[in-house]
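> The lines below spell out each chain.
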Amino acid sequence: MVFLQLFLNGLQLGAIYALTAVGFSLIFGSTKIFHVAHGSAFAISGYIYWWLASKLNVPWPLATLAAVIAAAVFGLLMERFIYRPIQRHEASFFTVFIAAFGVSLVIQNLIGTVAGRGMETVTTPLSRSVEIMDGLFVAPVSAISIGVAILVFAALSYFLERTHVGIAMRALSQNPDLVRVFGLDPGRVAQYAFVVGSAVVVPGAIFTAMTAGLNPAIGTHVMLVSLAATIVGGIGSVRGAAAGGMLLGLAENLAYWKLDPQWSEAVTFVVLFAFIIFRPSGFFGSPTTAK
Amino acid sequence: MFTYIVSLATLIGINAILAVTLNFILGYAGIFSLAHAIFFGIGAYTAAVAAMKFGADFAVATAAGMVISGVVSLALALPALRVRGEYFVAASLGLQMLALTVFSEWKSVTGGIGGLIGIPPARLFGFDVSDPVLFLGLTLACLAVILLVIRALVRSSFGRSLRAIRDDETAASALGKNVALLKTLAVMVSSAFAAVAGSLFSFYLSFINVESFVLEVSVQIIAMVIIGGTATLVGPVIGAVIVLLLPALLTYIPYLPPTEIGSIQQMIYGLAMVLLMIFRPSGLWGYGSDTQKQGEP
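If you read the sequences in order, they're chains H and G.
By the count of our numbering, the first sequence reaches residue 307 at its end, each step adding exactly one.
By the count of our numbering, the second sequence reaches residue 299 at its end, each step adding exactly one.
Be careful, since some hints might not be right.
[As the list claims (entries may be wrong)] Stretches of chain G that chain H covers, calculated by requiring three or more beta carbons in the stretch to come under 8 Å of a beta carbon on chain H: (1) 67-76; (2) 80-88; (3) 99-105; (4) 267-274.
Read the hints as simulated data drawn from the structure, not as lab findings.
Ideal Cβ placement from N, Cα and C applies to all residues, glycine included.
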């Protein structure tokens, strides 16, 4: 029963991780930008939701919309004012990385200064756990989060495989000229990738606010998880990032069987390391993605 | 006032060692590590334990820290450097988080959250060097030795190979360079020297805890390198001076609540990193943007 409970918790955490990693992977896959400020989109949207929903009592659909807009705008601004000017001079991984890291540092401290450094949760009647079987507790919000994750993946897959812009996004990493064949501007497609990739973190951020809670350092944790899930899944593969996120969520929770919760980041590291050593191309990456 | 300046100079010296050693891999080899504070910490804990439990003097305690730090860095570098740069970034961030948990949970060795108290005064070859001015001398001597070693390494064929790898890894490996081995060696050297800073820190404060080795410290060291200038010998030292003088300057700003100073400092580092990357990627002391080009078209 303990196992089943941990497995269920793992599914829920995995859904959140998967949603976050998918956005990171989508951005990296189409623009080749290693967007380490991705965790900031998570933190910003989570805090916006918390502030609106629990401080100002704004109804949840409106608060969700505001969070989505905040994340999307953040992604757009990053592309426009940070990555694009840098890539105009030279497109080194190193320069892009430091600038993005600088942004996340500013955002994390800004949140700490404005919202405080404690743990913040959004309480809803749905976050109370219900005993569904003897000794097996599930909060409605956990079930909902898994359902939402599945919906978002379905929508995202449809978008990437069936729509004009989605296909152009996948084509962008291969060949910007190919994007022009679709009648789209490559720069514009990169912006779409940032908007969509940043917006997908929002459900994860909101469910985290409702369950484990938010603190200003959440962005760093999310960044670690996104990086790890992307590598575990295979760099550049959106499907892989989802699988990687799910695996990390499950591994973290199943580890609680034997370990204390403070070791969660250690579990992430161990899984990441196992993949780097034994399968650097990840679940779905082609061997050429890793040198 | 004199005491304050000596203590500030000692801390700047210790941080300059960290910045110089990180720059060795960051600036010259293009390896981005988010775990430098961990190697600083391994040096600090090893030296503290060596001195407290075995009565080791400064040289022995430092050597022990360098060996352990080098070995741990090997465990990180060997697998993570065989693959692309992104893997090392992710792995080093993971190591930073994992090692911090180990530091705070392995109570019998590290004293847990409370840390280690009562590290004995530094002794070197039987002489007491715990006097602040003498200790400053010891710190600056360590910094000078490390600078000289790194200068020699950078100018050797090893250093040239590292720069070749940084500028174009594919070309370097086509020229027959063993890229993974060279990078691994560079990380080992950098981590072992970072442990020297840790040892100095332990003996200087006679008290250490996990607070000094958190991710923010790794970031602060990166900020020193970036602000001062990557791939230059003096840049990181200047960066360390600027970054350490910043909190002192911030206290002069009126109406600034003291609890927010740390946060504002971090925001300034972050902002400086962003602006420098956009306008002057080689840092304040760099020679212009071409010193840092990494061969990507």
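> So is the region 67-76 of chain G in contact with chain H by the C-beta rule, three or more residues under 8 Å, or is the coverage claim wrong?
Coverage by chain H is violated for the region 67-76 of chain G (0 residues, Cβ < 8 Å).
> Given that the region 267-274 of chain G was listed as covered by chain H, double-check it with a C-beta distance under 8 Å for 3 or more residues.
holds (count 6)
> Within the region 80-88 of chain G, is the number of residues with a Cβ closer than 8 Å to a Cβ of chain H three or more?
As far as the region 80-88 of chain G goes, the hint holds, because 7 residues have Cβ atoms under 8 Å from chain H.
> Between the region 99-105 of chain G and chain H, are there enough contacts, at least three residues with CB-CB distance under 8 Å, for the coverage claim to hold?
holds (count 4)
The structure fails to meet hint 1 from the earlier list, while all remaining hints are met.
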